[in-house]
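As a plain string of letters, each chain reads:
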Amino acid sequence: MQFNMPSIGKWIALVLSLAIGVAALYFRARIPQPEKADTGFKETKKKRNLLMMAGVLALWVCSGLILGCFGSEKGAFTVSISPARMDIFGFSVSSSVVMTWIVIAVLSLAAVLIRIFAIPRFKETPRGLQLVLETAVGAINDLTKEKYGHPNEGLASYFFAMGALFIGTAIVELVGFRPPTTDLSLTFSYALITFILINVFGIYKRGIKGRAEAYIKPNAIIAPFKLISDLAVPISLACRLFGNMLGGMIVVELLYYALGAFSVGIPALLGLYFNAFHPLIQYFIFINLSLTFIGEAVEEVA
Amino acid sequence: MTDIGLIAIGAGIAVLTGAGAGLGMGIATGKAVEAIARQPEAGGKINALLILGMALTESTAIYGFVISLIMIFTMK
Chain A
195 MQFNMPSIGK WIALVLSLAI GVAALYFRAR IPQPEKADTG FKETKKKRNL LMMAGVLALW
255 VCSGLILGCF GSEKGAFTVS ISPARMDIFG FSVSSSVVMT WIVIAVLSLA AVLIRIFAIP
315 RFKETPRGLQ LVLETAVGAI NDLTKEKYGH PNEGLASYFF AMGALFIGTA IVELVGFRPP
375 TTDLSLTFSY ALITFILINV FGIYKRGIKG RAEAYIKPNA IIAPFKLISD LAVPISLACR
435 LFGNMLGGMI VVELLYYALG AFSVGIPALL GLYFNAFHPL IQYFIFINLS LTFIGEAVEE
495 VA
Chain B
109 MTDIGLIAIG AGIAVLTGAG AGLGMGIATG KAVEAIARQP EAGGKINALL ILGMALTEST
169 AIYGFVISLI MIFTMK
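Line by line, the protein sequences give chains A and B. Every position in the first sequence, counted from 1, becomes a number in our numbering once 194 is added. Every position in the second sequence, counted from 1, becomes a number in our numbering once 108 is added.
These aren't lab readings, by the way, just hints derived from the structure by calculation. Some hints could be false.
With the C-beta cut set under 10 angstroms, the calculated list includes, among others, these residues of chain B facing chain A [to be verified]: (1) Ile159; (2) Met162; (3) Leu164; (4) Ile170; (5) Phe173.
For lysine-lysine, the following DSBU-like pairs were computed, each having C-alpha atoms within a straight-line distance of at most 35 angstroms [said to hold, decoys possible]: (6) A:Lys420 to B:Lys153; (7) A:Lys399 to B:Lys153; (8) A:Lys230 to A:Lys240; (9) A:Lys411 to B:Lys139; (10) A:Lys403 to A:Lys339; (11) B:Lys139 to A:Lys420; (12) A:Lys339 to A:Lys399; (13) A:Lys339 to B:Lys139; (14) B:Lys139 to A:Lys341; (15) A:Lys204 to A:Lys240.
Here the structure is a predicted model, which means the values were calculated and not measured. Heads up, the beta-carbon is just placed ideally off N, CA and C, and yes, glycines get one too.
Given the sequences, and given the hints that come with them, work out the whole structure.
Next comes the structure, spelled out in structure tokens:
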């Protein structure tokens, strides 16, 4: 890492922000903590809060300037659509597979811990963790019931587990790793499971004859088109998920590149949207479409 | 013109699919707003349908995006 001497303007900004931050925190410490009975309680409290905010903000700017002024220059912007590969015991394994294993292990551990320690303590009126879990499970159950026709416990629990894995792997980016959701093989495997579920449920509910009859129902001429549109389902699901997640990752990477060494704090706000909220919406759309296709395969054709 | 220039032009043409998707999504949102204005109590159902329709409409733009990415990163 080479050391670049910052210019005089950068030095002034650095020293100024440090001075403002330390001064604000010093003045805040000199104002005593007010009592609730004192006159002017609200004004003193407000003043203390304002000084705290100013101090933290100035010190934050100062830390960003230190990183920016003394950091090394970044190279050209590069993004690859397939993740890096690593070597484990002689096998060439994609890094997204390893990251998915880690996430699966963490989620399984969390599930076991919740089962052992949290579930026996559940009460009649839900609070805290119980409320969160009951809301999530109830939402998935309602969605399955609405799209599939009648409640199906297995389908709902599969989609809940898939959602936990999907959002868990997307949040990995907040820690600085490449999220496995931006790998086409992960999204394609989800879409392939949906494709298998469509056919399994269709055959289970209506038999092989009924499933085959759906292709030639109004007229035998449209059979090839129906076949193609059925085969396009997994491809379209996989490409939609992959494109959305990769697009989000590229936007965040571009912001990191644009800010260079000054990227302190600001990318966290965008990262919260692209790594927590955006995967949730995409996951909702994915299970919505999957359940619609499964419901379509199950219902009788007139 | 070099190869990378032609690839860049092709990728740019591929993401023109976004124009159609934007038009479609705008029309869908407008109709949904009209429907909710006419019948506010059906808002929840209209919202769910709108999100599903948006996802299907958006996929054309996403296909263009994926194709342009593949062109940029795999053709050399």
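Evaluation of the provided hints:
1. Below 10 angstroms, beta-carbon pairs count as interface contacts, and B:Ile159 has one with chain A at about 7 angstroms; its hint therefore holds.
2. For B:Met162, the interface hint holds, since its Cβ comes within 10 angstroms of a Cβ in chain A; the closest pair sits about 8 angstroms apart.
3. Residue-level restraint check for B:Leu164 holds (minimum Cβ-Cβ distance to chain A is 8 angstroms; threshold 10 angstroms).
4. Restraint check, B:Ile170 versus chain A: the minimum CB separation of about 4 angstroms is within 10 angstroms; hint holds.
5. Because the smallest distance between the Cβ of B:Phe173 and any Cβ of chain A comes to about 5 angstroms, under 10 angstroms, the interface hint for this residue holds.
6. Restraint check for A:Lys420 and B:Lys153: satisfied, since their Cα atoms lie roughly 29 angstroms apart, inside the 35 angstroms limit.
7. Between A:Lys399 and B:Lys153 the CA atoms are separated by roughly 27 angstroms; this keeps the pair inside 35 angstroms, and the hint holds.
8. At most 35 angstroms may separate the alpha-carbon atoms for a hinted pair to count; A:Lys230 and A:Lys240 meet this at roughly 13 angstroms.
9. Between the alpha carbons of A:Lys411 and B:Lys139 the distance comes to roughly 33 angstroms, so the proposed pair stays at or under 35 angstroms and holds.
10. Taken as a hint, the A:Lys403 and A:Lys339 pair is honoured in the structure, with Cα atoms around 26 angstroms apart against an allowance of 35 angstroms.
11. In summary, the hint linking B:Lys139 to A:Lys420 is supported, as the alpha carbons are separated by about 30 angstroms, within the 35 angstroms threshold.
12. A threshold of 35 angstroms between alpha carbons decides the hint, and for A:Lys339 with A:Lys399 the separation of about 16 angstroms falls inside it, so the pair holds.
13. About 27 angstroms separates the Cα atoms of A:Lys339 and B:Lys139, which keeps this hinted pair within 35 angstroms; it holds.
14. In summary, the hint linking B:Lys139 to A:Lys341 is supported, as the alpha carbons are separated by about 23 angstroms, within the 35 angstroms threshold.
15. With a C-alpha separation of about 32 angstroms, the suggested pair A:Lys204 and A:Lys240 falls inside the 35 angstroms cut-off, and the hint holds.
Against the hints set out earlier in the document, no violation occurs for any number.
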